[in-house]
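Read off the chains here:
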Amino acid sequence: MREVAIIGVGMTKFGELWDQGIRDIYAEAALKAMENAGVEKIDSMYVGAMSGGLYAYQEHLSSVMADYIGQKGVPSARVESACASGGTAIRAAFMEVASGMSDIVLAGGVEKMWDVEDGTFVLATASDQEYEAYNGVTFPGLYAMMARAYMDKYNLTREELAAIPIKNHKHAVNNPNAQYPFELDLKGVLGSSMVADPLTLMDCSPITDGAAAVILCPLDLAHKFTKHPVKIKGIGAATGPIALHNHVDMTKLDAVRIAGERAYKMAKLKPLDISFVEVHDCFSIAEIIVLEELGFFKYGKAGKAIANGEATYGGKIVVNPSGGLKAKGHPVGATGVAQVIECYEQLTGKAGKRQVKNANYGMAQNMGGSGGSCVVHILEAV
Amino acid sequence: MAISPRYTREIPHRYRLEAQKFECGAVSLATRYVCPDSDCKKSKKITLKGTGKILTYTIIHIAADAFAKETPYAVAVIETDEGARLTAQVVDCNFDDLKIGARVELVFRKITEEGASGIINYGYKAVLV
Ligand SMILES: [Zn+2]
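Protein sequence lines correspond, in order, to chains S and X. Count the first sequence with the working numbering and you get residues 8 to 389, in order. Count the second sequence with the working numbering and you get residues 3 to 131, in order.
No lab work stands behind these hints: they were computed from the structure. Treat the hints loosely; a few may be bogus.
Below 30 angstroms or equal to it, Euclidean Cα-Cα: the simulated DSS-like pairs (lysine-lysine) are [as the list claims (entries may be wrong)]: (1) S:K259 to X:K51; (2) S:K308 to S:K39; (3) S:K160 to S:K177; (4) S:K39 to S:K79; (5) S:K160 to S:K277; (6) X:K71 to X:K55; (7) S:K259 to X:K101; (8) X:K101 to S:K305; (9) S:K259 to S:K177; (10) S:K259 to X:K55; (11) X:K101 to S:K160; (12) X:K55 to S:K308; (13) X:K112 to S:K360; (14) X:K46 to S:K48; (15) X:K55 to X:K44; (16) S:K160 to X:K51; (17) S:K308 to S:K194; (18) X:K47 to X:K112; (19) S:K238 to S:K311; (20) S:K305 to X:K51; (21) X:K23 to S:K308; (22) X:K23 to S:K259; (23) X:K23 to X:K55; (24) S:K308 to S:K272; (25) S:K311 to X:K101; (26) X:K46 to X:K23; (27) S:K364 to S:K39; (28) X:K55 to S:K311; (29) S:K308 to S:K160; (30) S:K160 to X:K55; (31) X:K71 to S:K194; (32) S:K259 to S:K308; (33) S:K305 to S:K238; (34) S:K194 to X:K101.
Remember, it's a predicted structure, so these values are computed and weren't measured experimentally.
Here chain S stands alone, though its shape is the one from the complex:
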């Protein structure tokens, strides 16, 4: 297997992009990534998107996007793993480069979420449609049930849970691409409207339009394109039960643990080696459980640790320097790619005011559904 590096990145602003359709935002991110890498032609491409069909009434995104970025003729495939579609696209591109089948491969993620009326329904299709969504449970509802179980088991308070969005909003202030780059306080979290008890609107990642793209090539060729390639040192992917009710323990996410173990093993690294991590904080409780499953905190300890400042600058590990899904925005198919771009920028020293000092290894953890799938990347500047 060949070693693989990222040689260019590009993304749109995250937010309400009313003047652009799904193809426009994918093309903007992809063309920026190609320009950033200095490549005019690619050998192959992937489109990570959760639901072009339900959000934009457009399937066959493989062809649409190749056509609209001036790459007609290249092989292209859309990959889908709900909110982990972006990470899955990078993994697919990685495998294609590592195998020797292609040299220059584009992996982009996209979601255009503001054009649809019943977005709650669309997101719930990432749960178990027949056994969960049919009975009226929503996506926030599933995470709310995890939160309730966790708070009951570990005595986490509602105020401690609020520390996650407060911290992530603080980080987003320094991210020019973030959807909501403003600070949030405890009153703002607890006083926002109830979505699924105990989660309020400010525990939930927003509805976002956005796209993000990276260019991968063999590590051996990477320095021909850029002085600062970032090596993909480890990848782990795993699946878990589609339905929350089939998780043996409602306070755990097995797929995250397994994906993390695989990524650590491939990278030959441990949690202590990681300088910062972008995690899938689709809901406040998710960040807590994920940090425990990835080995950064013991079970039952992450919530209180975050509330004590252990997950920000000057703490044990910086978690979500970008602002996370909550404050940077969560265009579902784009999120996994955007997380890897944040790692790229941190590792190459281009993260500006949100730069993590002495960042050697970055991790990106991207998750689908209520833990039905997960992709973890470990990256290193070379």
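Fit chain X with the ligand to the given chain S structure using the hints.
The following block gives chain X with the ligand in isolation, referenced to the frame of chain S:
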């Protein structure tokens, strides 16, 4: 989303709580070829008594359009006495009486109406006992 016709095949479990008990002891309300807990494949049909307990729950305030008129409503993860896990609404209750470990019973109820003709979808909901 007019998708009611496909639900006819769900009638055995939704109307009659017919489940599968696998060789290893695992019980699944969802129809499966392979057991959710192990790799065993042999199962026999059992009918759930419909009694069980709440493992966790939430009150939904923002719902998909099909359920919007019913908000706020409670949803719980329930483990039946036979060990089957499922997700269902908890109805006819005071939200303050909901708690982890509370005993429930599954009852036959209307779930949604779909499409222009308002086809009624039925299924199970839970009540506190
Ligand atoms: Zn079994």
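Pair hint K259 (chain S) and K177 (chain S), alpha-carbon separation not exceeding 30 angstroms: 27 angstroms, holds
Checking one constraint from the list: CA of K160 (chain S) to CA of K55 (chain X), max 30 angstroms. Satisfied? Holds. K160 (chain S) to K55 (chain X) sits at ~16 angstroms (cutoff 30 angstroms).
K194 (chain S) and K101 (chain X) were given as a pair; does the straight-line alpha-carbon distance stay at or below 30 angstroms? 26 angstroms, holds
With the threshold set at 30 angstroms, check whether the alpha-carbon distance from K364 (chain S) to K39 (chain S) stays at or below it. 27 angstroms, holds
Holds or violated: K160 (chain S) to K177 (chain S), with C-alpha atoms at most 30 angstroms apart: Holds - the C-alpha atoms of K177 (chain S) and K160 (chain S) are around 29 angstroms apart, at most 30 angstroms.
Does K55 (chain X) lie within 30 angstroms of K259 (chain S) when you go C-alpha to C-alpha? 20 angstroms, holds
Hint check: K71 (chain X) vs K194 (chain S), CA-CA at most 30 angstroms. Holds or violated? 29 angstroms, holds
Hinted pair K160 (chain S) and K277 (chain S), Cα distance within 30 angstroms: Holds, at about 27 angstroms.
With the threshold set at 30 angstroms, check whether the alpha-carbon distance from K39 (chain S) to K79 (chain S) stays at or below it. 18 angstroms, holds
Check whether the Cα positions of K305 (chain S) and K238 (chain S) lie no farther apart than 30 angstroms. 29 angstroms, holds
Do the alpha carbons of K23 (chain X) and K55 (chain X) lie within 30 angstroms of each other, as the hint requires? Measuring from Cα to Cα gives roughly 19 angstroms; hence the hint holds.
Next pair to validate is K71 (chain X) with K55 (chain X); report whether the Cα-Cα distance is within 30 angstroms. 27 angstroms, holds
In summary, the structure is inconsistent with hints 2, 13, 14, 19, 20 and 21 from the numbered list given earlier, while agreeing with the others.
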